[in-house]
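Place chain B on chain U using the hints.
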Amino acid sequence: MTRPTLPANRPEPKEFARRIRAHALRMVHAAKASHIGGCLSMADILAVLYTRILRLDPAEPHSPGRDRFVLSKGHTTAIMYATLAECGFFSLAELDTYCRDGSIFTGHVSHAVPGVEVSTGSLGHGLPIAIGMALAARSAGAGSRVFCLLSDGECDEGSNWEGILFAPHHKLSNLCVIVDFNKIQSFGSVAEVLNLDPFAEKWKSFGWQVEEIDGHDVVALERLLSAVPAPSGRPTVVIAHTVKGKGVSFMENKLEWHYRSPSDELLAQALAEIGA
Amino acid sequence: MRTTFIESLSQAASENPDIWLLCGDLGYSVLEPFAAKFPERYLNVGVAEQNMAGMAAGIALSGKTVFIYSIGNFPTLRCLEQLRNDVCYHGADVKVVAVGAGYAYGGQGYTHHALEDAGIMSMLPGIEIFVPCDPMEVRAATRLIAASRKPSYLRLSRQGEPDLGAAVADPRKPRILRAGQEVVILASGPIASRALEAAGELAGRGREVGVVSVSCLKPLDDAAIRAAVRDASLIVTLEEHILRGGLFSLVAGAFAGDAQRPPVTGLGIPEQGGKTSSAGSREALLDAAGLSVQAIVARIEQSLAKR
Numbered sequence: 001m002t003r004p005t006l007p008a009n010r011p012e013p014k015e016f017a018r019r020i021r022a023h024a025l026r027m028v029h030a031a032k033a034s035h036i037g038g039c040l041s042m043a044d045i046l047a048v049l050y051t052r053i054l055r056l057d058p059a060e061p062h063s064p065g066r067d068r069f070v071l072s073k074g075h076t077t078a079i080m081y082a083t084l085a086e087c088g089f090f091s092l093a094e095l096d097t098y099c100r101d102g103s104i105f106t107g108h109v110s111h112a113v114p115g116v117e118v119s120t121g122s123l124g125h126g127l128p129i130a131i132g133m134a135l136a137a138r139s140a141g142a143g144s145r146v147f148c149l150l151s152d153g154e155c156d157e158g159s160n161w162e163g164i165l166f167a168p169h170h171k172l173s174n175l176c177v178i179v180d181f182n183k184i185q186s187f188g189s190v191a192e193v194l195n196l197d198p199f200a201e202k203w204k205s206f207g208w209q210v211e212e213i214d215g216h217d218v219v220a221l222e223r224l225l226s227a228v229p230a231p232s233g234r235p236t237v238v239i240a241h242t243v244k245g246k247g248v249s250f251m252e253n254k255l256e257w258h259y260r261s262p263s264d265e266l267l268a269q270a271l272a273e274i275g276a
Numbered sequence: 001m002r003t004t005f006i007e008s009l010s011q012a013a014s015e016n017p018d019i020w021l022l023c024g025d026l027g028y029s030v031l032e033p034f035a036a037k038f039p040e041r042y043l044n045v046g047v048a049e050q051n052m053a054g055m056a057a058g059i060a061l062s063g064k065t066v067f068i069y070s071i072g073n074f075p076t077l078r079c080l081e082q083l084r085n086d087v088c089y090h091g092a093d094v095k096v097v098a099v100g101a102g103y104a105y106g107g108q109g110y111t112h113h114a115l116e117d118a119g120i121m122s123m124l125p126g127i128e129i130f131v132p133c134d135p136m137e138v139r140a141a142t143r144l145i146a147a148s149r150k151p152s153y154l155r156l157s158r159q160g161e162p163d164l165g166a167a168v169a170d171p172r173k174p175r176i177l178r179a180g181q182e183v184v185i186l187a188s189g190p191i192a193s194r195a196l197e198a199a200g201e202l203a204g205r206g207r208e209v210g211v212v213s214v215s216c217l218k219p220l221d222d223a224a225i226r227a228a229v230r231d232a233s234l235i236v237t238l239e240e241h242i243l244r245g246g247l248f249s250l251v252a253g254a255f256a257g258d259a260q261r262p263p264v265t266g267l268g269i270p271e272q273g274g275k276t277s278s279a280g281s282r283e284a285l286l287d288a289a290g291l292s293v294q295a296i297v298a299r300i301e302q303s304l305a306k307r
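Respectively, the protein sequence lines represent chains U and B. For reference, each letter of the first sequence is one residue, going 1 to 276 in the UniProt record's numbering. For reference, each letter of the second sequence is one residue, going 1 to 307 in the UniProt record's numbering.
In isolation and in its complexed conformation, chain B is listed as follows:
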């Protein structure tokens, strides 16, 4: 995903001389191709995210499109007020790119887990939020935000994620990864691959399960999501993020006023306040958080049984 992002950004930058990239001293072995190609428009600002975000606003208010890049919580929570006041309040053309969504930095511990970022960022006014599930969505979202002239947040993972579906027509629209109407799993981010595995497992048990990637959390295309779940008897949201503020909150909020709607089961990472996290790979931590494929299958079956 990171490599796809930087390739897409380099492509956009070769077409648009106003695109800049700032990093907060992170991106080793990823950002170098951009730095080599566009040395005048690349800057490692040091480990100073508040300054990076404020500077990005100042550069953007001078007519540029500025990408800022760092790990998970650093270009987001660390400089949240700069993003609120300097970037979003001014409508500055700044793109916040966070690598290491969810448990991507698994073994590094809780400080490096991005579990609340998408929800917090989605509360900022006027920002668009993209949580792509595969390189295709990364490419499409990067192209879109490079040209949007709006503040954006792009949440990337960091492993060699495979493509999960066909080409992306419009990154603001939900993308059907697997057709199926009885249960529809709405997933955001690379955890969509677990949704696909769970859907396959449930199909073997006679359930018809569709999987839709919702990579654009804001603006949420609720009309298109509504169409995708029209015939479902159960909606499941799946995210590598706490339920509060993320995909589940946004979908549930969007459907709250509907007279008739299927129930929504939210699957995400439990809030962790006051608990230490254990070492482990992303996969192990997701399993421990109750998001193994088997656990997803079991929770969907439980929800169906309750109906």
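For reference, chain U alone in the conformation it holds in the complex:
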């Protein structure tokens, strides 16, 4: 079975994250779209995955032995599409069509876009699909790993908890869930809307290998994600503590940037702050 390797000329994760943050800001601004806060909080996670972890071949996106990445928080498409463009799945110029009439680059992630494994956007769907992929990969003996990125608010969905119960029971060590734990969901803080605490303890009690880190620490992220499959034989969850709107001072930890798109002025300020 074909097993893609990591790309040869990989940028440093921090540089990659800076680029995709800039693309996402411009895309959301141009399209007057939403969800920039959740895009920025997960930028460093995507950067580490796509420069250091995932064995993918943009020239052969459906190679059977590839690693899988399932974006379950399907609303954060701008940064996802930017990541795939930076990796060469399609040209950067195509990002300009984001959310435009007739574009395949829809506001919730679409499998029409090369490199996207599954369309999501209704929350609570990604993890069960990722579990199925991990089961199939184990059965095929391909050595593929499956990474699934959840949002914190998404952890309200019961379908996730069905999967969280299932994966350790079946010792799916080739599965890794990353939670972008930025503490703000659609209409308020996680603590106010539906508190997840004690979050790590919940996963532990379900039998997961639980890691908790600063989700903007690319060195720690690389170390943990490289350790999949865990020697413990259990599925891994990385609870990544992040900042909603990370990198742009006026967006950080602000609920409104779940929805708003920046004006011309604010875009310029945001780009300046992230060094683009």
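In case anyone wonders, no lab produced these hints; they're calculated from the structure. It cannot be assumed that every hint is accurate.
[To be verified] Cβ-to-Cβ under 8 Å is the rule here; a few derived chain B residues that face chain U:
| id | residue |
| --- | --- |
| 1 | VAL45 |
| 2 | GLY46 |
| 3 | ALA48 |
| 4 | ALA56 |
| 5 | GLY63 |
| 6 | ASP86 |
| 7 | TYR89 |
| 8 | GLU271 |
Here a beta-carbon is modelled for each residue, glycine too, at the ideal position from N, C-alpha and C.
Chain B in isolation, oriented as in the chain U frame:
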């Protein structure tokens, strides 16, 4: 039907190593032969239909053909959005198999009656819907969907239904169970046996009544159905399902644009909103729903009298 299904699936799985079966902790005394023969491709996922449907999509998107199995409303309505988004939107090769069509779990009460499932499932894009009336149709439909590479829904009953007709040539085509041109009863599912009894009764009263099993609701072969009812002065649809969204809706919709067509009388189960269901066998509940053989005969005679 359940046994025929699992035998047919086992046969298909022995020929195709990519076939998997997942169940939602149901199928006692039915699924064991498959589990014993293909332990690597069988999984009881627990009472968790949303996870089962999403997982099935993930396995299918990795190149497999995945059957998911449970009772009536559980692998269908319970995880409808997973079937819509994860399975059908991706064209994933997932087959939803529901046992307990209509009133098959009669005495268990309304929660276990599958009365809206076929209509709801038929609204999903890109899925094929099979409602077989007898073991022969189950066998043919199972073989077909195992090889189709498309999302499918297979709606099974659960009793020892007898074969109602000759061998099935093509499960996507309507199958003539009894020849007759004056009145043609189009039936889906095991209730076709009541259509045959009613046709016999009407024959004794001088009526010529044909019975056609329409086991494939989607894609509905409307050209073949049109041919089967060409000389009829009355079409009757009969289903163990509410009329909305099921066989009646699909047939009536297919014929709506025809310039000349016979009237269509729909016989099905009345919608039950806000009413409690009583205990009883499938047969008793069908009778109570106005679908006894005598009631079917009477309603056909009334429709004929109105013409």
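Here's how the hints hold up against the structure:
1. For B/VAL45, the suggested interface contact is upheld, since its CB lies about 6 Å from the closest CB of chain U, less than 8 Å.
2. For B/GLY46, the suggested interface contact is upheld, since its CB lies about 7 Å from the closest CB of chain U, less than 8 Å.
3. At its closest, the beta carbon of B/ALA48 sits 4 Å from a beta carbon of chain U; the interface hint therefore holds under the 8 Å criterion.
4. Given hint, B/ALA56 at the interface with chain U, holds; its Cβ is 6 Å from that chain's nearest Cβ, closer than 8 Å.
5. Look at B/GLY63: its Cβ gets to within about 7 Å of chain U, closer than 8 Å, so that hint holds up.
6. For B/ASP86, the interface hint holds, since its Cβ comes within 8 Å of a Cβ in chain U; the closest pair sits about 6 Å apart.
7. Among the interface hints, the one on B/TYR89 holds; its C-beta lies about 6 Å from the nearest C-beta in chain U, closer than the 8 Å criterion.
8. Given the 8 Å rule on beta carbons, the hint for B/GLU271 is violated: about 28 Å separates it from the nearest Cβ of chain U.
Violated hints amount to a single one, hint 8; each of the other numbered hints is respected by the structure.
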